[in-house]
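Quick mapping for you: the protein sequence lines, in order, are chains P and Y. By this note's numbering, the letter at position 39 of the first sequence is numbered 629, and the numbering carries on one by one without gaps. By this note's numbering, the letter at position 66 of the second sequence is numbered 656, and the numbering carries on one by one without gaps.
Worth double-checking, as some hints may not be accurate.
Put simply, identical chains are the same to the list, so a pair is met inside one copy or across any two.
No farther apart than 25 angstroms at their CA atoms in a straight line, the calculated lysine-lysine pairs in the DSS-like style are these [stated by the list, open to error]: (1) 658 x 845; (2) 634 x 666; (3) 809 x 836; (4) 845 x 861; (5) 839 x 861; (6) 598 x 658; (7) 846 x 863; (8) 846 x 857.
By construction, these hints were calculated from the structure, which means they are not laboratory data. Please read these numbers as outputs of a predicted model, since none were measured by experiment.
Number of protein chains: 2
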Amino acid sequence: MDCLGGDKSPEANVEGAVSALRRYSDLEMILAGDEDVLRTLVRKHAGSEEERRLTYLHAPDVITGEDKPTDAIRFKKDSSLMAAVRLLREDDSIDGMISSGATGAIVAASTLRIGRIEGIYRPAFCPVLPTMNGGVVGICDSGANVDCSPLQLQQFALLGSIYLQIVFGIESPRVALLNIGTETEKGDLLRKEAYPILENTKGIRFCGNMESRDLLSGKYDLVVCDGFSGNVLVKSTEGACLEMLKMLKRDIYSKKIYQLGAFFQRKMFQKEKEFMNYQNYGGSVLLGIRKVVVKGHGSSNANALSKCVEQAYKMADQHYESRLQALLELNPVSETNES
Amino acid sequence: MDCLGGDKSPEANVEGAVSALRRYSDLEMILAGDEDVLRTLVRKHAGSEEERRLTYLHAPDVITGEDKPTDAIRFKKDSSLMAAVRLLREDDSIDGMISSGATGAIVAASTLRIGRIEGIYRPAFCPVLPTMNGGVVGICDSGANVDCSPLQLQQFALLGSIYLQIVFGIESPRVALLNIGTETEKGDLLRKEAYPILENTKGIRFCGNMESRDLLSGKYDLVVCDGFSGNVLVKSTEGACLEMLKMLKRDIYSKKIYQLGAFFQRKMFQKEKEFMNYQNYGGSVLLGIRKVVVKGHGSSNANALSKCVEQAYKMADQHYESRLQALLELNPVSETNES
Numbered sequence: 591m592d593c594l595g596g597d598k599s600p601e602a603n604v605e606g607a608v609s610a611l612r613r614y615s616d617l618e619m620i621l622a623g624d625e626d627v628l629r630t631l632v633r634k635h636a637g638s639e640e641e642r643r644l645t646y647l648h649a650p651d652v653i654t655g656e657d658k659p660t661d662a663i664r665f666k667k668d669s670s671l672m673a674a675v676r677l678l679r680e681d682d683s684i685d686g687m688i689s690s691g692a693t694g695a696i697v698a699a700s701t702l703r704i705g706r707i708e709g710i711y712r713p714a715f716c717p718v719l720p721t722m723n724g725g726v727v728g729i730c731d732s733g734a735n736v737d738c739s740p741l742q743l744q745q746f747a748l749l750g751s752i753y754l755q756i757v758f759g760i761e762s763p764r765v766a767l768l769n770i771g772t773e774t775e776k777g778d779l780l781r782k783e784a785y786p787i788l789e790n791t792k793g794i795r796f797c798g799n800m801e802s803r804d805l806l807s808g809k810y811d812l813v814v815c816d817g818f819s820g821n822v823l824v825k826s827t828e829g830a831c832l833e834m835l836k837m838l839k840r841d842i843y844s845k846k847i848y849q850l851g852a853f854f855q856r857k858m859f860q861k862e863k864e865f866m867n868y869q870n871y872g873g874s875v876l877l878g879i880r881k882v883v884v885k886g887h888g889s890s891n892a893n894a895l896s897k898c899v900e901q902a903y904k905m906a907d908q909h910y911e912s913r914l915q916a917l918l919e920l921n922p923v924s925e926t927n928e929s
Numbered sequence: 591m592d593c594l595g596g597d598k599s600p601e602a603n604v605e606g607a608v609s610a611l612r613r614y615s616d617l618e619m620i621l622a623g624d625e626d627v628l629r630t631l632v633r634k635h636a637g638s639e640e641e642r643r644l645t646y647l648h649a650p651d652v653i654t655g656e657d658k659p660t661d662a663i664r665f666k667k668d669s670s671l672m673a674a675v676r677l678l679r680e681d682d683s684i685d686g687m688i689s690s691g692a693t694g695a696i697v698a699a700s701t702l703r704i705g706r707i708e709g710i711y712r713p714a715f716c717p718v719l720p721t722m723n724g725g726v727v728g729i730c731d732s733g734a735n736v737d738c739s740p741l742q743l744q745q746f747a748l749l750g751s752i753y754l755q756i757v758f759g760i761e762s763p764r765v766a767l768l769n770i771g772t773e774t775e776k777g778d779l780l781r782k783e784a785y786p787i788l789e790n791t792k793g794i795r796f797c798g799n800m801e802s803r804d805l806l807s808g809k810y811d812l813v814v815c816d817g818f819s820g821n822v823l824v825k826s827t828e829g830a831c832l833e834m835l836k837m838l839k840r841d842i843y844s845k846k847i848y849q850l851g852a853f854f855q856r857k858m859f860q861k862e863k864e865f866m867n868y869q870n871y872g873g874s875v876l877l878g879i880r881k882v883v884v885k886g887h888g889s890s891n892a893n894a895l896s897k898c899v900e901q902a903y904k905m906a907d908q909h910y911e912s913r914l915q916a917l918l919e920l921n922p923v924s925e926t927n928e929s
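Build out the structure end to end from the sequences listed, making use of the hints.
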């Protein structure tokens with residue numbers, strides 16, 4: 591657990607780690623950051639049973655959003671992120687890493703220092719959002735790759751499908767291509783080329799194009815897109831839901847009678863707020879890297895970070911890489927097509 | 591008014607036209623469609639004062655979403671859309687057209703038969719959404735151009751700025767570039783090239799990058815984007831708001847006590863439903879065409895279509911083209927840069 595770089599670091603990270611240790615009795619964790627500070631926080635939050643399964647990696651420097659990713663991984667060697675990455679690369683007994691630090695640096699360090707799974711062009715983020723019928727929908731990629739090729743989109747479908755199987759228990763995820771209409775021939779050049787490739791991809795359940803208004807409908811389990819439009823999709827959906835909640839709250843407080851009504855509904859609103867709270871859904875796994883890398887939202891609290899550990903734990907446990915390799919073998923790409 | 595092609599056509603179109611005629615005493619309209627059907631509907635909805643300012647264009651054929659746009663404009667000459675476009679091209683006394691028919695056919699027919707404003711590469715849609723502080727935000731382009739160049743994005747900024755000035759009275763619209771982060775150097779190749787061009791564009795108020803989660807915040811008046819991500823942005827925002835309302839409704843009906851609460855809030859919910867109802871915000875103007883073209887949502891009701899007429903009326907009245915020409919002259923493009 592990279593314990594620096596998030597808005598609520600390092601305390602939220604330590605608390606999240608301890609809470610995950612309580613849940614999984616065979617889990618062991620290493621906390622990276624300022625060792626003295628971390629030890630103090632562990633004494634505050636952990637019992638002796640959790641403390642026994644914790645070790646420390648002293649790396650007090652922090653990489654921020656202002657650091658250029660490629661510079662950060664070269665020059666900030668004492669940062670908690672780079673120290674964690676180094677350890678992850680060198681020590682085969684460590685399965686994965688969680689960080690709520692700078693996204694660009696996490697992607698660059700994971701790709702260049704830990705390395706991609708064989709056959710994967712580029713790693714991709716796959717956050718999930720709650721759907722209105724109580725399920726989840728994954729979005730892959732949501733921002734690791736802004737300029738994509740059709741074959742990358744195909745790989746996002748493979749990467750995301752296995753992820754949803756393993757972490758969310760969705761046996762045969764329904765995969766859609768994000769597009770501006772549902773008809774087969776819709777979209778820009780990228781979508782027009784990607785559609786027939788996805789249609790002919792073995793081992794996934796491709797369901798055609800999806801318009802962005804259907805994201806939360808529950809009709810699809812995985813949406814495949816380039817990182818730019820995926821990022822637009824995720825953030826506009828989150829933004830609209832949050833603005834709606836804000837408007838509702840403002841309107842309720844505008845009149846006494848509305849407040850009275852809300853008093854009767856307080857349990858309902860509590861449930862809805864929890865439902866919309868992205869902290870309950872953990873982080874984005876960076877799929878396609880040789881080890882498990884989970885990126886928590888910058889504003890992650892202890893609960894969100896604990897969920898991130900849970901995601902990493904499940905991923906490590908169920909042979910993600912070997913299942914992905916099997917799917918890649920089903921869909922061989924000729925050298926000339928490689929992007 | 592193209593009276594065919596929408597889900598509620600032709601009655602909603604006739605009702606919308608009549609309602610606009612009531613509002614503007616110097617407005618005259620031509621209804622295109624099956625003349626007998628239209629006359630019957632006019633007798634049902636219009637008074638003699640409105641009927642006096644209405645004429646008919648008999649063109650009973652309809653272009654649907656299944657028709658390939660380029661085929662439709664060549665072969666469906668008796669369609670209401672193509673008849674309206676022909677008349678608009680030939681008759682200088684007609685200012686504009688409203689249609690809630692097939693989007694692709696409207697864009698193709700407008701571009702190829704009516705023609706672009708001199709100097710404009712491609713027309714663009716600019717729908718508006720309500721913001722949480724009571725204003726509106728325009729999104730240009732939202733789907734007319736899926737593959738865009740940086741200079742097209744610059745033109746979208748010009749096209750949209752004047753539109754918001756004229757139709758919504760926003761004196762100096764705050765223009766943002768849709769991106770995946772707010773920092774200057776963020777984004778894909780298109781955004782990286784477009785940013786400095788927008789920064790150096792004269793006559794607009796460029797405010798930098800915007801993340802999609804800020805769309806409804808009220809911090810910006812116009813968001814510039816390629817048609818693919820613009821389409822994702824608009825539809826995911828609308829979709830998320832509608833899904834939230836659905837969830838709220840479902841939850842309220844799940845318990846008697848919540849229904850009681852909602853009884854006290856019925857006026858509030860009424861207001862919020864109206865606020866979220868896109869029918870109240872008219873249609874998307876297709877900017878950059880020599881005459882005014884307004885595209886209503888396929889599901890437009892009479893109210894929405896009446897708003898579309900209002901948009902066209904305001905556009906025609908205030909010399910959109912000459913104001914755009916002045917802005918284009920401020921920002922000359924060397925021939926070699928042209929896309």
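Hints violated by the structure (listed by number, smallest first): Hint check: 1 and 2 fail, others pass.
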